[in-house]
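Asker: Protein chains in written order, with our numbering: chain D, 1 to 130; chain L, 1 to 137.
Simulated from the structure, these hints should not be mistaken for lab results. Check before you lean on any hint, since a few could be wrong.
[Stated by the list, open to error] According to the in silico footprint, chain D covers these stretches of chain L (three or more CB under 8 Å from chain D):
(1) 14-20
(2) 42-49
(3) 66-80
[Stated by the list, open to error] Sample of chain D residues facing chain L (criterion: CB under 7 Å; computed from the structure):
(4) A34
(5) F47
(6) V59
(7) G86
(8) V118
For each residue, glycine too, the CB sits at the ideal point set by N, CA and C.
Listed here are the chains, written in short residue letters.
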Amino acid sequence: MSRSAFKSGRTGRGAAFASDHSGSCHAHTMRLTAYALLPLGVLSIWFIVGAVGKSFDGVRADIGRPLPATVLIAFISVAVYHMRIGVESIIDDYVHDEGLKAISLAVNKWLSLAIGAVWALSLIIVAASR
Amino acid sequence: MAEADPCHDSLAAKRPLSPHVSVYKPMLTMMMSFAHRITGAGLYLGVIMFALFFAGLALGPDAFALVAWITNSLIGRVIVFLLSWALLHHLLGGVRHALWDRGLYMDPEGRELAARATLGGGLALTLLLWIGSTLAG
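Bound conformation, chain L alone (with noise of 0.2 Å):
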């Protein structure tokens, strides 16, 4: 046994399993780091559109009417209004995580006020942010 392999498939099943997802009961801070992976995945696409829109935008008219849904139909200002609220929330997620690299939030009462935060937080935001938005046209 001097030259075992730790990695030997034989062995693979005598390893324990770290306990999967499914075995927690939800809680607030495990969802919103659900929703943290989620949002920044929401957002590689929304960049992927809004490239596609500047694509548009310099190529002319021509081009940009067939982007110019993304600003312009219901469709587009729902896509939009969630990618805004996903970056907002994704951002403060990120500030909530920074917090947490010095010490601070950690103990059970601060995560579970830092999650609300976040929360509660990325949805005022996005509001106040298409608030702030019409009302400066």
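Chain D on its own, in the form it takes in the complex (with noise of 0.2 Å):
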């Protein structure tokens, strides 16, 4: 089959035309996070342009500070995870081939862990030697 169906997470004939019942679920997702990151965001881009210009000492006292710190710790966790199936939704609307979609969904979802790992270690690190 060169082009693939609708994956509905069912088996069985006529699946493809069924709902597996996760779509309310991806949607309200999306809004809850979505809320989240308003000020969460907001916040954020207020201190990543602040290191604009800055050298290694001088970004590293700002964004060491507990409020900014805290904030882009924040940020990351919700964002990582509002962008996972936000992706999710574009690989699913663009990506036919069940082998290749199935790797884009993997990676997706372990290189989005993988932002916020690092992402939040790197600002603890920075926030606790400061």
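Combine the two chains into a complex, taking the hints into account.
Answerer: Spelled out as structure tokens, the structure:
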């Protein structure tokens, strides 16, 4: 089969047209994370733009303060889940090959976790060694 | 035909195709939908870039020298400027979706206004952010 059918998570005849009942949870999670990202995103971009043009010591002193470090860690904690399910939608829409879709979804899942881990751990180190 | 499989390949050509993007005349609301997705994907890349930036910051001056271009070079500043616009545009796009979830601004005039407000608001907030950040030092 060259063209893959919509993957519903069910098996059996006509399964491609059946809902797997996870759609509302996806939509609801997207909204809940978006609400949290409204204030966290505004504050985070303020702190990030504030690092522009600064030296190593300057950025460390700014970003390592309790509020910026906490906000940036809170931001990435919520953002990685928001962006993971966002990119899942993009993969579902545009990647039609079953094998490539499975690989893309796995890469997206682990990459988003890795981004969150590196981002948060780095900020903890910067804040702790300040 | 009682046992007909609706998923069978032989039926694929008979099923109607949903109208694709190229069928429609470009409209502002449609462009803003594209922009929401494109800025979202761009922010994914931006977040990877800043994960590397913070890693360099945590590892010390030698590692920071490898990522300092992000905040100190011209190309880096242009990328950070575009990222800040992408974040604010995507954020306002989210506000628009939250309004639509509540049934607000869904009529033709309302959604056109919401699209313009997202586009203009994103650009205005980006300029405000950079002016404010420059003034704050």
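Asker: None of the hints should be skipped; say for each whether it holds.
Answerer: Checked hints:
1. 14-20: violated (count 0)
2. 42-49: holds (count 4)
3. 66-80: holds (count 5)
4. A34: 5 Å, holds
5. F47: 10 Å, violated
6. V59: Status holds, d = 6 Å.
7. G86: 5 Å, holds
8. V118: 4 Å, holds
When held up to the earlier numbered hints, the structure conflicts with 1, 5 and fits the remainder.
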